[in-house]
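Listed below are the residues making up each chain.
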Amino acid sequence: MSARIGVVTFPGSLDDRDAVRAVELMGGEGVPLWHGEADLRGVDGVILPGGFSYGDYLRCGAIARFAPLMEEVVGFARRGGPVLGICNGFQILCESGLLPGALIRNRSLRFVCRVVHVRVETTQSPITADVVPGEVLEVPIKHGEGQFVAAEDELDRLETEGRVVFRYCGPDGEIGDAYNPNGSQRGIAGIGNEGGNVVGLMPHPEHAVDPDVGPTGGQALFASLLSQVLAGVP
Amino acid sequence: MRFAVEVLVTLKPGLADPQGRAVESALPALGWTNVSAVRVGKHVRLELETGSERDAREQVAQMNDRLLSNPVIEDARILEVRGIVEADR
Amino acid sequence: MRFAVEVLVTLKPGLADPQGRAVESALPALGWTNVSAVRVGKHVRLELETGSERDAREQVAQMNDRLLSNPVIEDARILEVRGIVEADR
Amino acid sequence: MSAAPVPEPLHRQLGLRDDELDLIRESIERGPNATELAMYAVMWSEHCSYKSSKVHLRTLPTEGDAIIVGPGQDAGAVDLGDGVAAVFKMESHSHPSAIEPYQGAATGVGGIVRDIVSMGARPVALLDPLMFGPLDQERNRWLLEGVVAGIGGYGNCIGVPTVGGEVRFADPHSANPTVNVLCVGFAPADRLITATTHRPGAGSLMVLYGATTGRDGIGGVSVLASASLDEGGGGSRPSVQIGDPFAEKLLIEASLELVGAGLLEGLQDLGGAGLTCAVSESAARAGLGAVVELDEVPLREPEMEAFEILTSESQERMLAIVSPANLERVRAVCAKWGLGIAVVATLEPGGELDVRKAGATVARVPALSLTEKAPEYQRAMRPVASDQDDPTFVTFDGDLGDALVSLLAAPNVASKRWVFEQYDRMVQGQTVAGPGSDAAVVRVPGTMKGVALSVDGNGRYGSLDPYLGGAHAVAEAARNVAVSGATPLAITNCLNFGNPERPEVMWQFAEAVRGMGDACLALGTPVTGGNVSFYNEAEGSSIWPTPVVGVLGTLADHRLRLPSGFPGPGLAVYLLGESFAELGGSEFAETLLGTVSGTPPALDLQVERRLQDLLQEAAAGDLLASAHDCSDGGIAVCLAECAILGGHGFAVTLAGDMPAHVLLFGESASRVVVAVSPEREGSLRGLAATRGVPFARLGETGGPRAVIDGMIDAPVAELTDVWEQAIPRLLGEA
Ligand SMILES: Nc1ncnc2c1ncn2[C@@H]1O[C@H](COP(=O)(O)OP(=O)(O)O)[C@@H](O)[C@H]1O
Ligand SMILES: [Mg+2]
Chain A
49 MSARIGVVTF
59 PGSLDDRDAV
69 RAVELMGGEG
79 VPLWHGEADL
89 RGVDGVILPG
99 GFSYGDYLRC
109 GAIARFAPLM
119 EEVVGFARRG
129 GPVLGICNGF
139 QILCESGLLP
149 GALIRNRSLR
159 FVCRVVHVRV
169 ETTQSPITAD
179 VVPGEVLEVP
189 IKHGEGQFVA
199 AEDELDRLET
209 EGRVVFRYCG
219 PDGEIGDAYN
229 PNGSQRGIAG
239 IGNEGGNVVG
249 LMPHPEHAVD
259 PDVGPTGGQA
269 LFASLLSQVL
279 AGVP
Chain B
4 MRFAVEVLVT
14 LKPGLADPQG
24 RAVESALPAL
34 GWTNVSAVRV
44 GKHVRLELET
54 GSERDAREQV
64 AQMNDRLLSN
74 PVIEDARILE
84 VRGIVEADR
Chain C
4 MRFAVEVLVT
14 LKPGLADPQG
24 RAVESALPAL
34 GWTNVSAVRV
44 GKHVRLELET
54 GSERDAREQV
64 AQMNDRLLSN
74 PVIEDARILE
84 VRGIVEADR
Chain D
360 MSAAPVPEPL
370 HRQLGLRDDE
380 LDLIRESIER
390 GPNATELAMY
400 AVMWSEHCSY
410 KSSKVHLRTL
420 PTEGDAIIVG
430 PGQDAGAVDL
440 GDGVAAVFKM
450 ESHSHPSAIE
460 PYQGAATGVG
470 GIVRDIVSMG
480 ARPVALLDPL
490 MFGPLDQERN
500 RWLLEGVVAG
510 IGGYGNCIGV
520 PTVGGEVRFA
530 DPHSANPTVN
540 VLCVGFAPAD
550 RLITATTHRP
560 GAGSLMVLYG
570 ATTGRDGIGG
580 VSVLASASLD
590 EGGGGSRPSV
600 QIGDPFAEKL
610 LIEASLELVG
620 AGLLEGLQDL
630 GGAGLTCAVS
640 ESAARAGLGA
650 VVELDEVPLR
660 EPEMEAFEIL
670 TSESQERMLA
680 IVSPANLERV
690 RAVCAKWGLG
700 IAVVATLEPG
710 GELDVRKAGA
720 TVARVPALSL
730 TEKAPEYQRA
740 MRPVASDQDD
750 PTFVTFDGDL
760 GDALVSLLAA
770 PNVASKRWVF
780 EQYDRMVQGQ
790 TVAGPGSDAA
800 VVRVPGTMKG
810 VALSVDGNGR
820 YGSLDPYLGG
830 AHAVAEAARN
840 VAVSGATPLA
850 ITNCLNFGNP
860 ERPEVMWQFA
870 EAVRGMGDAC
880 LALGTPVTGG
890 NVSFYNEAEG
900 SSIWPTPVVG
910 VLGTLADHRL
920 RLPSGFPGPG
930 LAVYLLGESF
940 AELGGSEFAE
950 TLLGTVSGTP
960 PALDLQVERR
970 LQDLLQEAAA
980 GDLLASAHDC
990 SDGGIAVCLA
1000 ECAILGGHGF
1010 AVTLAGDMPA
1020 HVLLFGESAS
1030 RVVVAVSPER
1040 EGSLRGLAAT
1050 RGVPFARLGE
1060 TGGPRAVIDG
1070 MIDAPVAELT
1080 DVWEQAIPRL
1090 LGEA
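Residue numbers (the working numbering), protein chains in the order written: chain A, 49 to 282; chain B, 4 to 92; chain C, 4 to 92; chain D, 360 to 1093.
Just so you know, not all the hints are guaranteed correct.
Below, simulated DSSO-like cross-link-like pairs (lysine-lysine); rule was C-alpha separation at most 30 Å, straight line [unchecked claim]: (1) C:Lys15 to D:Lys716; (2) D:Lys808 to D:Lys410; (3) D:Lys413 to D:Lys732; (4) B:Lys45 to C:Lys15; (5) B:Lys45 to C:Lys45; (6) B:Lys15 to B:Lys45; (7) C:Lys15 to C:Lys45; (8) D:Lys732 to D:Lys716; (9) D:Lys732 to D:Lys775; (10) C:Lys15 to B:Lys15; (11) B:Lys15 to C:Lys45.
Here are the simulated distance ranges between beta carbons [said to hold, decoys possible]: (12) A:Gly123 to C:Pro74: 45 to 55 Å; (13) A:Gly123 to C:Thr36: 18 to 28 Å; (14) C:Ala32 to B:Glu56: 18 to 28 Å; (15) D:Gln496 to A:Gly128: 53 to 63 Å; (16) B:Ile81 to D:Pro1087: 36 to 46 Å; (17) C:Arg85 to A:Gly123: 25 to 35 Å; (18) D:Pro1087 to B:Ala64: 54 to 64 Å; (19) C:Arg85 to A:Leu73: 32 to 42 Å; (20) D:Trp501 to C:Ala40: 42 to 52 Å.
Hints in this document: simulated from the structure, not taken from any laboratory.
All residues carry an ideal CB built from backbone N, CA and C; glycine is no exception.
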């Protein structure tokens, strides 16, 4: 039996097919879900993929969060179901209040597409449960609005509760402004919710599983997600 | 009744404003060194049909919270609510 | 003297406004079916030091044309120029 | 007594000549009304009718085994085998970009993407050849930043990766930047929508879907594309439009779903000349006429006049030809993607377009008269003498190492990372090699096959000798495809020139087309389509004659793709091809001697063909570890780039009967630097000898330095910094 991972397509989603392909390459079953149908099709986990839902007009993720399917996703998350938001998906999770903080325009004001390093900060997430903390992964980023911001006390809480899942870093795991591609506070690339079952990250692990077209830092994350789901761990 | 409404959405004061900073840093090269505190916000203009100005304000306040701004990072305020007669349009 | 200036930059009337349209078409799903003519513009607030309000207006008008907007597609207008004393800041 | 000025007749105000008005009268057998005049004006504009270029374009070779669709349709198509077709075409959006760089470039992407979609193909890659004036001018920096942001803003948002392009800088492009965009799409070969596969009959409906129609872009074609900037002035300004990439994304998905479900009898994008062009081309192609109901067109603004609705170039619209039986299913697919539809016309026998508004006919003209019967001109030509002072014979006593550094920092040569990092190059998950490679390689989904793509143009060569400019553009783009190990199959092109009414410009154009044609014949790469951008001039001075060529090739197994950089130490470095004393038109002459003069390098097309054949054979046999062609900056820059890209230095010796700077920086054509593992050297030498390609063993890779014996010795890290940071430094960011 393979894990069934739903990938939601909103109008303007772009990396939805890529996420399905990544799930399948790693041995899971990718299940396309449509924003307009309030039906999760019994999936074991949900990915909100990258892209520009509704053009990212007004604010990234601002309109997508009202999609009929999102109510189901929110319920699924509240029940402890694993939900992964990648890039635009991360923005949607923040807009819908499943994750704290917000993503604003990159410090450079420019879209940036490059392969970066991120350091795994915790195993308390479905995509890092099987990864060694401190491990450095190579994954691409591609976004114009990926600067993570939150109030200081919120940031402190994320740190003390161990909910910072990824931080931008150098090739050897060193943290510093030079490795921060968008100005995110405290170099944060990804965070989790209180229950540890909802994760959002700006980098694109789905573009880091097929060695023919990119780095492979995403393999360990998808492997972890699939094994967690199969083990029935939220 | 039809109303024309203007809303201003700005980043919360404490937050860094990348756009504002970009404008600010471009100015000296153009010969302006006397400008500071640049903040860039969003301005939304819309029209709506309601029974009264009060209703209009109430609805727009809700729209501000739910859609037009993200209260985590932004403040939204109504700049103006103006009744319009069809001839104005 | 120090002035606080507010500028509004909007797309020229004939032009399509994709942002405005996106907002407009999102509203009915949230239960608001009475909204139309949504246009999204940019609001810039800045402070500047000049000799007089006249100078301030003149400089901002130039900044509007050269940096804050592209007159080919946008209109920029000064909403307000207000003298500020240091205590206000 | 002062006479009031006689108002210019309407047809002239619309850019139509007196003899063109006569032609119109002949076609419709009466005098045209204003609406009809507007329709002819947009359709017979240079931009839509190719009236000055057609006679020359017709000479280009267009046939080949792999060609499925040649010029004459929205885009050309080639057969990739296994039932897959690649559709590709390039277009310019230079004029709007000159006044509003972000939206001008963004809408340029939108337009070419719709061309690909209208063939029934999914857009899979974009490439963007660009030219600007020098970056020491603020306006040029503003243009570069805006154009790049616009291409990224649109391309990134519709989920089509930008996998390659070109950026060059030259003073003549200051007033008029050159913005070209190439789009490639894939489709099942049996589902392509072409004039021959899809033939609608009378009674079929023309269904407009996508965005609403506004007053934007009215007359954009005739005003923006047929008048130079200074004449157009303020008047042409409102013609720039705002791109809506989100609407485009919906349009792409809805269109492909309609095509996939077999619901369409035809599909046409709305671009230049808007509805007039789409309706007349669709009708003419079907050999029919149509009744067009303007009242059915969804408008963004109230009270638009007939001519406005007919010529509006509002973006993000498509026209589908649908049999009435399928209309409801078409409506449902569009609704799923949030798009409204409108039945705006019905095909009718007879060949006439009957355009109606408020129940009355407002225009009645034969569809063919707007399209195929547009005028054609054999315009006067006069050869231009270029500066023949050949820099090859100027003495140079500067430091050769410093010269290399200056060349690596020259914006034409320097890394374009600043540009391409603003583009999503990986969405869709098939980008084997993205920007920064000699050729981009995109995998054909579900296969091992790769499609290799390169765009090239060299305005410097074009200005000195337009024939060679055209020929070199083809040879260099094909060489870039060949060094990646792929087989060049076909080309598309965008021809960027000044005012064709000037005999000098027309001569340059004809020469460039002749050069392109000769090179295409020799290299076996037919022309599948392209675009001509004239009137790129202001205040009487034009851009450099710049033919830009895009070559598409195939790689049977993308894993055999060759990188450009040296992949490791201990490899033998070979030069394939021969060096001559040729510094004319070189980057060295421009950057270090301050002159663009002399004759561009000679090009022996048979030699070029042999070199490219050898590269494909060597790559297929896995003989090579890397390959990189010598272009701007000659062999010295080529070697330095191999080291920078691969992260490994080299030590080589160059021999040649010429001054060191000519040997290092001369730009002789048909040369490639390859790295070979020692055990394959014998095979490579044998193969090169059999194929008649001259070769020389230059030395080995390895170490942290770039060493050319007795001439240059520099740390690779230093060269890397210079090359990587040059453009950010010029923009004041590093
Ligand atoms: N430079 C060229 N070389 C070959 N074919 C060309 C060239 N320029 C234009 N064409 C062909 O002429 C036709 C009309 O071009 P264009 O008007 O750009 O297409 P569209 O109508 O799709 O906008 C196309 O088939 C195009 O491929
Ligand atoms: Mg077309």
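Structure-based check of each hint:
no., hint, result
1, C:Lys15 to D:Lys716, "holds, 28 Å"
2, D:Lys808 to D:Lys410, "violated, 39 Å"
3, D:Lys413 to D:Lys732, "holds, 12 Å"
4, B:Lys45 to C:Lys15, "holds, 16 Å"
5, B:Lys45 to C:Lys45, "holds, 5 Å"
6, B:Lys15 to B:Lys45, "holds, 12 Å"
7, C:Lys15 to C:Lys45, "holds, 12 Å"
8, D:Lys732 to D:Lys716, "holds, 26 Å"
9, D:Lys732 to D:Lys775, "violated, 44 Å"
10, C:Lys15 to B:Lys15, "holds, 28 Å"
11, B:Lys15 to C:Lys45, "holds, 16 Å"
12, A:Gly123 to C:Pro74: 45 to 55 Å, "holds, 50 Å"
13, A:Gly123 to C:Thr36: 18 to 28 Å, "holds, 26 Å"
14, C:Ala32 to B:Glu56: 18 to 28 Å, "holds, 26 Å"
15, D:Gln496 to A:Gly128: 53 to 63 Å, "holds, 59 Å"
16, B:Ile81 to D:Pro1087: 36 to 46 Å, "holds, 43 Å"
17, C:Arg85 to A:Gly123: 25 to 35 Å, "violated, 49 Å"
18, D:Pro1087 to B:Ala64: 54 to 64 Å, "violated, 45 Å"
19, C:Arg85 to A:Leu73: 32 to 42 Å, "violated, 60 Å"
20, D:Trp501 to C:Ala40: 42 to 52 Å, "violated, 32 Å"
Comparing the model with each earlier hint shows violations of hints 2, 9, 17, 18, 19, 20; every other hint is respected.
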